[in-house]
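Sequence order for the protein chains is W and E.
With our numbering, the residue at position 26 of the first sequence is 26, and numbering never jumps.
All you need for our numbering is the position in the second sequence, starting with 1, plus 285.
You may find that some hints are simply not true.
[Stated by the list, open to error] Okay, derived cross-link-like pairs now, SDA-like style, lysine to any residue, Cα gap no bigger than 20 Å in a straight line:
| # | chain 1 | residue 1 | chain 2 | residue 2 |
| --- | --- | --- | --- | --- |
| 1 | E | Lys-375 | W | Ile-127 |
| 2 | W | Lys-134 | E | Pro-325 |
| 3 | W | Lys-129 | E | Pro-325 |
| 4 | W | Lys-129 | E | Gln-450 |
| 5 | W | Lys-133 | E | Ile-324 |
| 6 | E | Lys-375 | E | Leu-330 |
| 7 | W | Lys-134 | E | Lys-375 |
| 8 | E | Lys-371 | W | Glu-128 |
| 9 | E | Lys-328 | W | Ala-113 |
[Said to hold, decoys possible] Each pair of labels, with its calculated beta carbon distance range:
| # | chain 1 | residue 1 | chain 2 | residue 2 | range |
| --- | --- | --- | --- | --- | --- |
| 10 | E | Lys-600 | W | Thr-228 | 30 to 36 Å |
| 11 | E | Phe-593 | W | Thr-228 | 32 to 38 Å |
| 12 | E | Gly-433 | W | Ile-253 | 32 to 38 Å |
| 13 | E | Ser-382 | W | Lys-41 | 28 to 34 Å |
| 14 | E | Phe-593 | W | Ala-273 | 51 to 57 Å |
| 15 | E | Ser-454 | W | Ser-99 | 23 to 29 Å |
| 16 | E | Tyr-343 | W | Gly-226 | 38 to 44 Å |
| 17 | E | Pro-612 | W | Ser-48 | 39 to 45 Å |
| 18 | W | Ile-127 | E | Asp-578 | 54 to 60 Å |
| 19 | E | Asp-507 | W | Glu-10 | 18 to 24 Å |
| 20 | E | Lys-515 | W | Arg-215 | 16 to 22 Å |
Read the hints as simulated data drawn from the structure, not as lab findings.
Yeah, the Cβ is synthetic: ideal placement off N, Cα and C, and Gly gets one too.
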Amino acid sequence: MISVQTDRLELLHEALKSNCDSIRFGSEFCDVKIPSLQSLKEAYKMTSDEGKSFCYVSPRVSNSNIKKIQEQIKYLAEDLNEIVVNDLGSLKIALQYHSMRIHWGRQLAYVPARCPWNKAPIGTGFIEKWRLKKIMSESSLDLPFMTQYLHSVGVKDLEIDCIVESVLLAKSLVENGFTIHVHLDGVPVTVTRKCHTARFMGEYDPERCSRPCDRRSFVLKQETIGVTLILYGNVVYRAITPDVKMIANLRKIGVTNYIIAMNPMTTLLDRTAINKFIADLGLKV
Amino acid sequence: MSSMNGHRRPSLLSPINSLEGAERVVAAGADEVYCEVTIPGLKNLVLYRNALCNIQTYDELDKVVSVCHKEGAKLILVANFPFVSKRFEKQFAIHLSKCIDAGVDGLIVGNLGVLSMIKQLGVNLPLYASTFLCTMNYEAANYLSELGFSRIILERHLSIEEISQIVKSSLAEIEVFIHGGGCSNINGSCYLLHRTLPELLEALTRVEGFNPPCRLHFNVYDGQTGEFLKTTQILDAYVFCSLCRLPELMKIGVSGFKIVDRCLSARYQETMTRIYRQIIDLLEKGEIEAYEDALEAAKDIDMGLSPFFPQTIRKMCCEYQRCYYGPFYHVHRKVREVPG
Chain W
1 MISVQTDRLE LLHEALKSNC DSIRFGSEFC DVKIPSLQSL KEAYKMTSDE GKSFCYVSPR
61 VSNSNIKKIQ EQIKYLAEDL NEIVVNDLGS LKIALQYHSM RIHWGRQLAY VPARCPWNKA
121 PIGTGFIEKW RLKKIMSESS LDLPFMTQYL HSVGVKDLEI DCIVESVLLA KSLVENGFTI
181 HVHLDGVPVT VTRKCHTARF MGEYDPERCS RPCDRRSFVL KQETIGVTLI LYGNVVYRAI
241 TPDVKMIANL RKIGVTNYII AMNPMTTLLD RTAINKFIAD LGLKV
Chain E
286 MSSMNGHRRP SLLSPINSLE GAERVVAAGA DEVYCEVTIP GLKNLVLYRN ALCNIQTYDE
346 LDKVVSVCHK EGAKLILVAN FPFVSKRFEK QFAIHLSKCI DAGVDGLIVG NLGVLSMIKQ
406 LGVNLPLYAS TFLCTMNYEA ANYLSELGFS RIILERHLSI EEISQIVKSS LAEIEVFIHG
466 GGCSNINGSC YLLHRTLPEL LEALTRVEGF NPPCRLHFNV YDGQTGEFLK TTQILDAYVF
526 CSLCRLPELM KIGVSGFKIV DRCLSARYQE TMTRIYRQII DLLEKGEIEA YEDALEAAKD
586 IDMGLSPFFP QTIRKMCCEY QRCYYGPFYH VHRKVREVPG
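From just these sequences and the hints, can you work out the full model?
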């Protein structure tokens with residue numbers, strides 16, 4: 001299944017006309033951008049009218065916005081039943097509705113390979129270096145106790161990044177009965193509530209944020225350590241270039257759900273760009 | 286907890302990485318002391334703190350526990366690895382058992398898988414929810430409480446009003462950071478902290494004062510046109526001090542005040558403990574004038590960050606407005622635009 005993710009109704013029109021199978025609507029990282037209940041209802045109606053499936057995406061939530069999420073989850077439980085949670089408070093609320101299909105968002109998993117300098121060797125001596133390299137390619141989702149916990153609360157859908165380390169991770173997760181959803185946009189290296197974009201653009205009040213991230217992203221280069229990152233909104237990403245081979249490997253182990261994000265960072269802003277992206281990666285079999 | 290003049294007395298938690306540190310912070314008035322202990326064989330597994338920030342052996346831990354208990358302070362073990370995988374699960378469990386046998390009084394846990402492991406081990410100690418669990422709302426706090434945590438350490442990126450609302454609605458005790466290491470980013474989602482690259486360490490030494498990677502200078506380019514915009518510390522939203530905010534934090538009923546930085550010297554750990562102890566005690570007694578005098582004096586005390594030159598709160602924090610729980614989109618007043 002190919003899903004297109006957006007937090008803007010204007011972009012949703014284009015997403016719905018693309019070759020995607022489903023829509024993921026909402027803000028994954030920024031709680032200032034949590035859509036209103038009205039926008040959520042409208043997005044759901046537009047998606048239903050097009051005959052595509054719908055999933056609501058929620059970010060990590062501050063106390064100021066938790067009531068908003070409570071309302072939205074209540075609405076979702078009435079009709080829709082699918083939500084991505086990136087916050088334990090949202091999880092608690094969603095768990096009150098037994099019909100809810102909950103996705104474990106990528107902010108709830110700790111994946112050391114997201115580090116921009118994750119390939120740097122650590123440890124001394126061949127054996128220690130090898131062992132630590134293996135450990136650093138694992139994640140919090142690898143622990144059997146974590147698997148038990150997720151099963152105990154009924155979470156079956158897990159979201160991961162499209163990096164080499166994810167292939168091995170996905171294999172064990174699929175074997176443990178989880179459905180895997182792979183993000184193709186970039187690897188989130190760090191997330192803030194003190195939005196770096198907003199501060200850089202001279203915003204002073206989160207309540208009145210003009211949402212410069214709807215229009216711009218930035219490339220950040222640190223010459224001394226030789227690192228290039230992308231700043232989009234309140235997230236710093238490491239760029240990735242998903243390729244046909246990696247998608248084929250993921251498909252081989254049973255991963256069939258891929259997420260395409262529509263935003264200035266991915267530059268996928270209309271149906272033509274989305275359809276080309278899908279075709280180039282051979283996402284549609 | 287006592288209550289006087291609207292100010293509620295919270296526990297003061299101090300960091301240590303040595304027996305000397307333990308002796309000094311306990312003498313300076315810490316109610317609780319927290320430390321991590323290096324896991325044998327995993328000394329070089331650096332996620333966000335290197336092994337120099339830890340107590341090195343279980344023998345040393347025994348002595349630290351003894352020092353704390355002798356003076357009536359609690360010792361809290363930092364067991365907040367943000368992830369534990371199958372590959373070192375057993376090693377981690379053995380490590381936990383050894384630390385518990387040493388007599389620690391509580392565990393800081395940063396992962397729900399590790400929480401399940403601890404429950405299976407039958408551990409009967411107070412559990413503190415680490416900032417790696419990113420608690421930012423009362424629903425999350427109550428969920429963690431239901432799962433067995435008795436104290437929730439809140440994420441730094443909250444306003445005092447939000448902290449107050451969480452304290453009122455939470456079933457568990459609430460702890461907040463008050464000094465040192467006020468991350469620009471959300472702790473549990475930050476992967477900038479692996480300090481293994483020599484180039485990174487070299488770059489960090491060029492930044493004055495505090496040195497996490499988010500304080501580095503970056504060349505900023507427009508993502509769409511590629512146009513160079515400026516060189517700046519664009520990721521720097523780093524805060525450090527909350528001395529001026531203590532009256533509000535005490536009024537709202539926070540249970541724990543945490544001083545950060547296990548990696549710094551015992552001198553820093555002791556100095557900051559002494560300063561905050563004095564201020565908390567004055568507020569508790571309602572001695573507002575004495576508090577104001579002590580506050581001004583504290584700003585000019587060398588924090589002990591460097592053995593070579595003094596760094597005061599006024600110079601390192603006040604001038605840059607690096608205040609905990611201030612405005613979110615605040616741009617630091619003094620930010621150098623190009624690398625020195």
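Against the structure shown, which of the earlier numbered hints fail to hold, in ascending order? 4, 13
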